[in-house]
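Given the structure of chain A, go ahead and fit chain B onto it with the hints provided.
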Amino acid sequence: GQQVQQSPASLVLQEGENAELQCNFSTSLNSMQWFYQRPGGSLVSLFYNPSGTKHSGRLTSTTVIKERRSSLHISSSQTTDSGTYLCALDPSNTNKVVFGTGTRLQVLP
Amino acid sequence: EAAVTQSPRNKVAVTGGKVTLSCNQTNNHNNMYWYRQDTGHGLRLIHYSYGAGSTEKGDIPDGYKASRPSQENFSLILELATPSQTSVYFCASGQANTEVFFGKGTRLTVV
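Heads up: the sequence lines are chains A and B, in that order.
Read in the working numbering, the first sequence has 30 at position 30, and its numbers run on one by one without any break.
For the working numbering, count along the second sequence from 1 and bump the result up by 1000.
Bound-form chain B, shown alone:
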């Protein structure tokens, strides 16, 4: 069974602080993705990666950085968190032309 694990599952951060969301996959997939989900917008792609060392901008990258230090790990970094970044964040992994697997999500609140 494909496994994608996100941590933390819940996070409260202060405005201006740094937040790192972590994602680990045991599927040996090349591609990994970070999305945020907000009411009225569905899931929007923030950053994605084709493999270790690569990161690509998605549709809404502003205010976010990503890091892919290994095949298994993909992090989303908010250097200066803002209340507008309060959301639920989902990580996913997949291979080209195959099914994508999602983590359970991280609920981030920036106060």
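Next comes chain A alone, as it looks inside the complex:
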């Protein structure tokens, strides 16, 4: 079955609003990483966060292992935040890295 589920699949915001993106997983894991991708673009790593909370500017990532979830919070969204956000994890004892299907974010001016 699907090991990594992201929600919502898509999201439309007005500039200045906040967003909470979720990544739920069905296995224990070795690593968790969040990526950003523009249409047709390459993958930009936002956070490597296997547990706990990390901050970077307007972005915050929180991973709670026992609840098998990770979230990405975007505060005061900007039009340049538009794109797809992907979570990826390495399930324990596999050394594979598997991706969720992503959240497509559109921020309107």
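Keep in mind that the hints were calculated from the coordinates and are not lab data.
All figures in this text were calculated on a predicted structure; none of them were measured in a lab.
Just so you know, not all the hints are guaranteed correct.
[Unchecked claim] The following label-pair restraints were derived from C-beta to C-beta distances:
1. B:L1080 with A:R104: 30 to 36 Å
2. B:N1097 with A:Q5: 19 to 25 Å
3. B:T1020 with A:P8: 34 to 40 Å
4. A:V44 with B:K1057: 27 to 33 Å
5. A:S26 with B:S1054: 23 to 29 Å
6. B:K1011 with A:K54: 36 to 42 Å
7. B:V1012 with A:P8: 31 to 37 Å
8. A:G41 with B:I1077: 24 to 30 Å
9. A:R58 with B:R1107: 28 to 34 Å
10. A:G40 with B:G1051: 28 to 34 Å
[Claimed, not checked] Chain A is nowhere near these chain B residues, computed Cβ spacing over 12 Å in every case:
11. S1007
12. P1008
13. K1011
14. S1022
15. G1053
16. S1067
17. S1070
18. I1077
19. L1078
20. Q1085
21. T1086
Quick reminder that beta carbons are idealized off the backbone N, C-alpha and C, glycines included.
Relative to chain A, chain B alone:
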């Protein structure tokens, strides 16, 4: 800065032809990965490797082979390319329990 370089960046191939996508990393990482990305499917793992000489099947290996001749290089081989293999392919490298680094992608069109 970790570096993963893919070549070519764009490729047009004919159905039935052989295609080789190359990936080089200068990170001295043990693990390397090949993914394809298609609308509606996200990134799907094709093959991966734990080190030179090893290749492992990912989630969608059919129609693809992989080769890891050295720590730095990992190739994806389409022996008989088909139009269904038209996609964007990403290579990545990483170590266990650490961040994964991606190349910029290869856009493959099979006509």
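Going down the list of hints, with the structure as the test:
no., hint, verdict
1, B:L1080 with A:R104: 30 to 36 Å, "holds (34 Å)"
2, B:N1097 with A:Q5: 19 to 25 Å, "holds (23 Å)"
3, B:T1020 with A:P8: 34 to 40 Å, "holds (39 Å)"
4, A:V44 with B:K1057: 27 to 33 Å, "holds (28 Å)"
5, A:S26 with B:S1054: 23 to 29 Å, "holds (27 Å)"
6, B:K1011 with A:K54: 36 to 42 Å, "holds (37 Å)"
7, B:V1012 with A:P8: 31 to 37 Å, "holds (36 Å)"
8, A:G41 with B:I1077: 24 to 30 Å, "holds (26 Å)"
9, A:R58 with B:R1107: 28 to 34 Å, "holds (31 Å)"
10, A:G40 with B:G1051: 28 to 34 Å, "holds (32 Å)"
11, S1007, "holds (14 Å)"
12, P1008, "holds (15 Å)"
13, K1011, "holds (16 Å)"
14, S1022, "holds (17 Å)"
15, G1053, "holds (15 Å)"
16, S1067, "holds (18 Å)"
17, S1070, "holds (19 Å)"
18, I1077, "holds (20 Å)"
19, L1078, "holds (21 Å)"
20, Q1085, "holds (19 Å)"
21, T1086, "holds (14 Å)"
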